[in-house]
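> Go ahead and model the full structure; you've got the sequences and the hints to work with.
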Amino acid sequence: MDDLRGRKYVVPGDLVAGGRSLRAGENTYRVGNSIYSTAVGIVEVEDGEVRVVPLEGKYVPRQGDLVVGVVTDYNAVAWTVDINSIFYGTVLVRDLVRRGSRGRAAISEVLNVGDVIVAKVLNFSVNRDPLLSIRGPGLGRVTEGEVVRISPRGVPRLLDRRERLNKLIEEATGCKLTVGMNGLIVVRGTPDGILLAAKALRLVDSEPRREVLSRALRDALGIGGKEGAGERVGEADR
Amino acid sequence: MGKLIDESGRRTDGRGPHEMRPLKLEVGILKNADGSAYIELGRNKIVAAVYGPKEVHPRHLTLPDRMLIKCRYHMSPFSVEERKPPQPSRREIEISKVMREALEAAIITDQYPRTALDIFVEVLESDGGSRGASITAASLALANAGIPMRDLVAACAVGKVDGQIVLDLSDVEDKEGEVDMPVAYMPNLDRITLLQMDGKLTIDEFKAALDLALRGCRQLYEAQRRALYDHYFSSAQQEVSK
Numbered sequence: 000m001d002d003l004r005g006r007k008y009v010v011p012g013d014l015v016a017g018g019r020s021l022r023a024g025e026n027t028y029r030v031g032n033s034i035y036s037t038a039v040g041i042v043e044v045e046d047g048e049v050r051v052v053p054l055e056g057k058y059v060p061r062q063g064d065l066v067v068g069v070v071t072d073y074n075a076v077a078w079t080v081d082i083n084s085i086f087y088g089t090v091l092v093r094d095l096v097r098r099g100s101r102g103r104a105a106i107s108e109v110l111n112v113g114d115v116i117v118a119k120v121l122n123f124s125v126n127r128d129p130l131l132s133i134r135g136p137g138l139g140r141v142t143e144g145e146v147v148r149i150s151p152r153g154v155p156r157l158l159d160r161r162e163r164l165n166k167l168i169e170e171a172t173g174c175k176l177t178v179g180m181n182g183l184i185v186v187r188g189t190p191d192g193i194l195l196a197a198k199a200l201r202l203v204d205s206e207p208r209r210e211v212l213s214r215a216l217r218d219a220l221g222i223g224g225k226e227g228a229g230e231r232v233g234e235a236d237r
Numbered sequence: 000m001g002k003l004i005d006e007s008g009r010r011t012d013g014r015g016p017h018e019m020r021p022l023k024l025e026v027g028i029l030k031n032a033d034g035s036a037y038i039e040l041g042r043n044k045i046v047a048a049v050y051g052p053k054e055v056h057p058r059h060l061t062l063p064d065r066m067l068i069k070c071r072y073h074m075s076p077f078s079v080e081e082r083k084p085p086q087p088s089r090r091e092i093e094i095s096k097v098m099r100e101a102l103e104a105a106i107i108t109d110q111y112p113r114t115a116l117d118i119f120v121e122v123l124e125s126d127g128g129s130r131g132a133s134i135t136a137a138s139l140a141l142a143n144a145g146i147p148m149r150d151l152v153a154a155c156a157v158g159k160v161d162g163q164i165v166l167d168l169s170d171v172e173d174k175e176g177e178v179d180m181p182v183a184y185m186p187n188l189d190r191i192t193l194l195q196m197d198g199k200l201t202i203d204e205f206k207a208a209l210d211l212a213l214r215g216c217r218q219l220y221e222a223q224r225r226a227l228y229d230h231y232f233s234s235a236q237q238e239v240s241k
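So the sequence lines, in the order shown, correspond to chains L and G.
Residue numbering for the first sequence follows numbering that gives the first Met the number 0, starting at 0 and increasing by one per position.
Residue numbering for the second sequence follows numbering that gives the first Met the number 0, starting at 0 and increasing by one per position.
Among these hints, one or two may not hold up.
[To be verified] As a list, the in silico SDA-like pairs of lysine to any residue whose alpha-carbon atoms are at most 20 angstroms apart:
{"no.": "1", "chain 1": "G", "residue 1": "Lys53", "chain 2": "L", "residue 2": "Arg127"}
{"no.": "2", "chain 1": "G", "residue 1": "Lys53", "chain 2": "L", "residue 2": "Asn126"}
{"no.": "3", "chain 1": "G", "residue 1": "Lys30", "chain 2": "L", "residue 2": "Thr71"}
{"no.": "4", "chain 1": "G", "residue 1": "Lys53", "chain 2": "L", "residue 2": "Arg152"}
{"no.": "5", "chain 1": "L", "residue 1": "Lys198", "chain 2": "L", "residue 2": "Ala215"}
{"no.": "6", "chain 1": "L", "residue 1": "Lys7", "chain 2": "G", "residue 2": "Asp5"}
{"no.": "7", "chain 1": "G", "residue 1": "Lys174", "chain 2": "G", "residue 2": "Lys30"}
{"no.": "8", "chain 1": "G", "residue 1": "Lys30", "chain 2": "L", "residue 2": "Val70"}
{"no.": "9", "chain 1": "L", "residue 1": "Lys7", "chain 2": "G", "residue 2": "Asn187"}
{"no.": "10", "chain 1": "G", "residue 1": "Lys53", "chain 2": "L", "residue 2": "Leu202"}
{"no.": "11", "chain 1": "G", "residue 1": "Lys53", "chain 2": "L", "residue 2": "Lys198"}
{"no.": "12", "chain 1": "L", "residue 1": "Lys7", "chain 2": "G", "residue 2": "Asp229"}
{"no.": "13", "chain 1": "L", "residue 1": "Lys7", "chain 2": "G", "residue 2": "Ile191"}
{"no.": "14", "chain 1": "L", "residue 1": "Lys7", "chain 2": "G", "residue 2": "Phe232"}
{"no.": "15", "chain 1": "G", "residue 1": "Lys30", "chain 2": "L", "residue 2": "Arg152"}
{"no.": "16", "chain 1": "G", "residue 1": "Lys53", "chain 2": "L", "residue 2": "Asn83"}
{"no.": "17", "chain 1": "G", "residue 1": "Lys53", "chain 2": "L", "residue 2": "Gly24"}
{"no.": "18", "chain 1": "L", "residue 1": "Lys198", "chain 2": "L", "residue 2": "Val211"}
{"no.": "19", "chain 1": "G", "residue 1": "Lys53", "chain 2": "L", "residue 2": "Val211"}
{"no.": "20", "chain 1": "L", "residue 1": "Lys7", "chain 2": "G", "residue 2": "Glu221"}
{"no.": "21", "chain 1": "G", "residue 1": "Lys30", "chain 2": "L", "residue 2": "Lys166"}
{"no.": "22", "chain 1": "L", "residue 1": "Lys198", "chain 2": "G", "residue 2": "Arg149"}
{"no.": "23", "chain 1": "G", "residue 1": "Lys53", "chain 2": "L", "residue 2": "Val69"}
{"no.": "24", "chain 1": "G", "residue 1": "Lys30", "chain 2": "L", "residue 2": "Lys119"}
{"no.": "25", "chain 1": "G", "residue 1": "Lys53", "chain 2": "L", "residue 2": "Thr71"}
{"no.": "26", "chain 1": "G", "residue 1": "Lys30", "chain 2": "L", "residue 2": "Glu206"}
{"no.": "27", "chain 1": "G", "residue 1": "Lys30", "chain 2": "L", "residue 2": "Arg61"}
{"no.": "28", "chain 1": "G", "residue 1": "Lys53", "chain 2": "L", "residue 2": "Arg201"}
{"no.": "29", "chain 1": "G", "residue 1": "Lys53", "chain 2": "L", "residue 2": "Thr89"}
{"no.": "30", "chain 1": "G", "residue 1": "Lys53", "chain 2": "L", "residue 2": "Arg148"}
{"no.": "31", "chain 1": "G", "residue 1": "Lys30", "chain 2": "L", "residue 2": "Glu55"}
{"no.": "32", "chain 1": "G", "residue 1": "Lys53", "chain 2": "L", "residue 2": "Pro53"}
{"no.": "33", "chain 1": "G", "residue 1": "Lys96", "chain 2": "G", "residue 2": "Tyr50"}
{"no.": "34", "chain 1": "G", "residue 1": "Lys30", "chain 2": "L", "residue 2": "Ser205"}
{"no.": "35", "chain 1": "L", "residue 1": "Lys7", "chain 2": "G", "residue 2": "Lys174"}
{"no.": "36", "chain 1": "G", "residue 1": "Lys30", "chain 2": "L", "residue 2": "Lys7"}
{"no.": "37", "chain 1": "G", "residue 1": "Lys53", "chain 2": "L", "residue 2": "Ser205"}
{"no.": "38", "chain 1": "G", "residue 1": "Lys53", "chain 2": "L", "residue 2": "Arg61"}
It should be emphasised that the hints constitute simulated quantities derived from the structure, not laboratory data.
Since the structure is predicted, the reported quantities are computational estimates derived from the model, not experimental observations.
As structure tokens, then:
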């Protein structure tokens with residue numbers, strides 16, 4: 000039969016599917032009539048394609064992703080941004096500084112080394128460093144709050160539409176979360192709220208079991224039932 | 000002669016000729032590395048750690064079409080009976096090279112071109128067959144770091160001791176025996192990625208030895224998979240067997 004072998008969890012080299020009916024998607028490869036995994040992860044099938052959702056590995060940029068990064072360097076052409084990935088991100092100076100006024104001082108005034116930015120991935124292929132943009136609503140330099148680091152593999156869970164963990168944390172702590180797909184998260188709110196949110200985010204990172212996590216999160220955030228306990232609603236910053 | 004295997008066919012440590020030493024594998028033991036693993040095989044105690052993929056330094060070493068893989072096998076000064084000087088010896092440099100090649104065969108290097116991968120292997124205590132154990136551990140560390148791989152690499156040594164072909168040589172058997180032959184193998188793909196031999200074997204003996212080595216590697220491979228499942232999926236009681 001042409002189908003999945005029924006194994007949901009795989010390690011590199013494991014047989015994911017046999018036959019010719021499925022295409023080999025992300026983190027898999029085909030040899031003859033067999034599709035094997037190249038990563039530790041969970042098998043998913045969608046539209047005739049099998050892929051393995053990896054549990055480990057660094058963030059790999061994708062076009063359109065929101066990322067949070069730290070400016071590490073700049074020159075007359077571009078800023079270099081550490082986005083916690085395999086490659087450094089690039090923000091072009093010509094996107095942000097008018098022609099004719101691109102002196103060192105003018106460039107560093109817009110973004111300087113050490114600045115935290117929220118950016119969008121405009122373009123990326125493995126042959127070129129990811130090109131970022133900070134022009135757009137919600138993008139740009141971060142002027143307040145704290146950055147919390149989690150594993151990039153934990154981000155999809157945080158943003159899961161059914162679980163809505165990010166909303167849960169926002170409501171309970173009164174903080175605003177800006178979640179970068181690269182695992183960096185900007186938390187804005189009161190100092191107490193930020194501490195609580197950071198604790199909750201680290202829980203999301205460390206607890207893979209769905210049921211346990213949801214309970215632990217509610218405990219940590221001090222929510223008994225369904226109702227959010229966030230009295231201190233942070234000042235809306237936009 | 001005749002002292003390494005007794006009349007009843009037992010080896011110096013009581014094993015039969017086709018028996019492997021006690022094995023322990025652990026994944027993800029270090030927090031600071033991107034991936035790590037630990038192996039105990041007999042008295043061997045070895046830690047493997049992986050960093051990457053990351054930017055290449057120095058820049059000019061960058062490969063435009065694939066990942067640059069660097070590997071360092073190192074024996075701690077206290078890993079052997081008499082202090083070993085800490086600087087890499089000729090032997091360690093050689094093992095670093097053959098290990099890198101044995102692992103590179105499994106890594107899908109063109110998925111992340113222009114990047115570098117560092118593999119560090121530290122032998123804390125050595126008891127013969129450490130290159131095989133190092134490859135076995137390093138391959139788990141690579142999986143732990145999320146490096147794309149075609150298959151896990153398992154490796155062990157076979158040899159000839161007192162005229163007999165035996166599996167998984169211990170330190171004495173390696174030193175006093177006639178032949179030592181380490182083999183690294185990707186079981187799913189049925190590919191050999193390392194094969195060295197020290198000593199002489201007839202063609203028939205070689206065939207028997209290779210066959211035994213591959214059986215040993217498959218045994219290690221099952222242990223590797225179990226270690227990964229235990230680390231990642233123990234909460235989701237899934238069957239490990241095929």
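> Are the hints correct? Go through all of them and say.
Right, here's what the structure says about each hint:
For a cut-off of 20 angstroms, the pair hint linking Lys53 (chain G) to Arg127 (chain L) stands: about 14 angstroms separates their Cα positions. For a cut-off of 20 angstroms, the pair hint linking Lys53 (chain G) to Asn126 (chain L) stands: about 14 angstroms separates their Cα positions. Among the hinted pairs, Lys30 (chain G) with Thr71 (chain L) is inconsistent with the structure: their alpha-carbon atoms are about 25 angstroms apart, more than 20 angstroms. A hinted pair counts as satisfied when its Cα atoms are at most 20 angstroms apart, and Lys53 (chain G) with Arg152 (chain L) qualifies at roughly 17 angstroms.
Pair hint Lys198 (chain L) plus Ala215 (chain L) holds up; C-alpha atoms about 11 angstroms apart against a cutoff of 20 angstroms. Taken as a hint, the Lys7 (chain L) and Asp5 (chain G) pair is broken in the structure, with Cα atoms around 48 angstroms apart against an allowance of 20 angstroms. For a cut-off of 20 angstroms, the pair hint linking Lys174 (chain G) to Lys30 (chain G) is broken: about 36 angstroms separates their Cα positions. With a C-alpha separation of about 25 angstroms, the suggested pairing of Lys30 (chain G) with Val70 (chain L) is violated against the 20 angstroms cut-off.
Taking the CA atoms of Lys7 (chain L) and Asn187 (chain G), the gap is near 18 angstroms; set against the 20 angstroms cutoff, the hint holds. Proximity of Lys53 (chain G) to Leu202 (chain L) is assessed by CA-CA distance (about 27 angstroms); at most 20 angstroms being required, the pair is judged violated. Taking the CA atoms of Lys53 (chain G) and Lys198 (chain L), the gap is about 29 angstroms. The hint is violated against a cut of 20 angstroms. With a C-alpha separation of about 15 angstroms, the suggested pair Lys7 (chain L) and Asp229 (chain G) falls inside the 20 angstroms cut-off, and the hint holds.
A hinted pair counts as satisfied when its Cα atoms are at most 20 angstroms apart, and Lys7 (chain L) with Ile191 (chain G) does not qualify at roughly 28 angstroms. Only pairs whose Cα atoms come within 20 angstroms are accepted, and Lys7 (chain L) paired with Phe232 (chain G) is accepted, the gap being roughly 10 angstroms. Using a Cα cut-off of 20 angstroms, the hinted pair Lys30 (chain G) and Arg152 (chain L) holds, with the two alpha carbons roughly 16 angstroms apart. Between Lys53 (chain G) and Asn83 (chain L) the alpha-carbon distance is near 10 angstroms, which keeps this suggested pair within the 20 angstroms criterion.
About 24 angstroms separates the Cα atoms of Lys53 (chain G) and Gly24 (chain L), which puts this hinted pair outside 20 angstroms; it is violated. Our distance criterion of 20 angstroms between C-alpha atoms is met by Lys198 (chain L) and Val211 (chain L), whose separation comes to about 15 angstroms. Of the supplied pair hints, the one linking Lys53 (chain G) and Val211 (chain L) is violated, its CA atoms being roughly 34 angstroms apart against a limit of 20 angstroms. A C-alpha spacing of about 18 angstroms is found between Lys7 (chain L) and Glu221 (chain G), which places the hinted pair at or below 20 angstroms, so the restraint holds.
Distance hint between Lys30 (chain G) and Lys166 (chain L) is unfulfilled; the C-alpha atoms sit about 29 angstroms from each other, more than 20 angstroms. For the hint pairing Lys198 (chain L) with Arg149 (chain G), the CA-to-CA distance comes to about 37 angstroms; that exceeds 20 angstroms, so the pair is violated. Proximity of Lys53 (chain G) to Val69 (chain L) is assessed by CA-CA distance (about 16 angstroms); at most 20 angstroms being required, the pair is judged to hold. A distance of roughly 30 angstroms separates the Cα atoms of Lys30 (chain G) and Lys119 (chain L); the hinted pair therefore is violated under the 20 angstroms criterion.
For the given pair, Lys53 (chain G) sits about 16 angstroms from Thr71 (chain L) by alpha-carbon distance, which is consistent with the 20 angstroms threshold. Between Lys30 (chain G) and Glu206 (chain L) the CA atoms are separated by roughly 16 angstroms; this keeps the pair inside 20 angstroms, and the hint holds. Simply put, Lys30 (chain G) and Arg61 (chain L) have alpha-carbon atoms about 27 angstroms apart, too far for the 20 angstroms limit, and the pair is violated. At roughly 24 angstroms between alpha-carbon atoms, Lys53 (chain G) and Arg201 (chain L) are farther apart than 20 angstroms, so this suggested pair is violated.
Of the pairs offered as hints, the one joining Lys53 (chain G) and Thr89 (chain L) holds, with about 16 angstroms between alpha carbons and a cut-off of 20 angstroms not exceeded. For the hint pairing Lys53 (chain G) with Arg148 (chain L), the CA-to-CA distance comes to about 18 angstroms; that is within 20 angstroms, so the pair holds. Restraint check: the Cα-Cα separation between Lys30 (chain G) and Glu55 (chain L) comes to about 13 angstroms, which is no more than 20 angstroms; the hinted pair holds. The suggested pairing of Lys53 (chain G) with Pro53 (chain L) holds, with an alpha-carbon distance near 18 angstroms, which does not exceed 20 angstroms.
In summary, the hint linking Lys96 (chain G) to Tyr50 (chain G) is supported, as the alpha carbons are separated by about 17 angstroms, within the 20 angstroms threshold. Our distance criterion of 20 angstroms between C-alpha atoms is met by Lys30 (chain G) and Ser205 (chain L), whose separation comes to about 12 angstroms. Between Lys7 (chain L) and Lys174 (chain G) the CA atoms are separated by roughly 46 angstroms; this puts the pair beyond 20 angstroms, and the hint is violated. For the given pair, Lys30 (chain G) sits about 27 angstroms from Lys7 (chain L) by alpha-carbon distance, which is inconsistent with the 20 angstroms threshold.
The suggested pairing of Lys53 (chain G) with Ser205 (chain L) is violated, with an alpha-carbon distance near 24 angstroms, which exceeds 20 angstroms. Proposed proximity of Lys53 (chain G) and Arg61 (chain L) is supported: the alpha carbons are some 17 angstroms apart, at most 20 angstroms.
Checked against the numbered hints given earlier, this structure breaks hints 3, 6, 7, 8, 10, 11, 13, 17, 19, 21, 22, 24, 27, 28, 35, 36 and 37; the rest are met.
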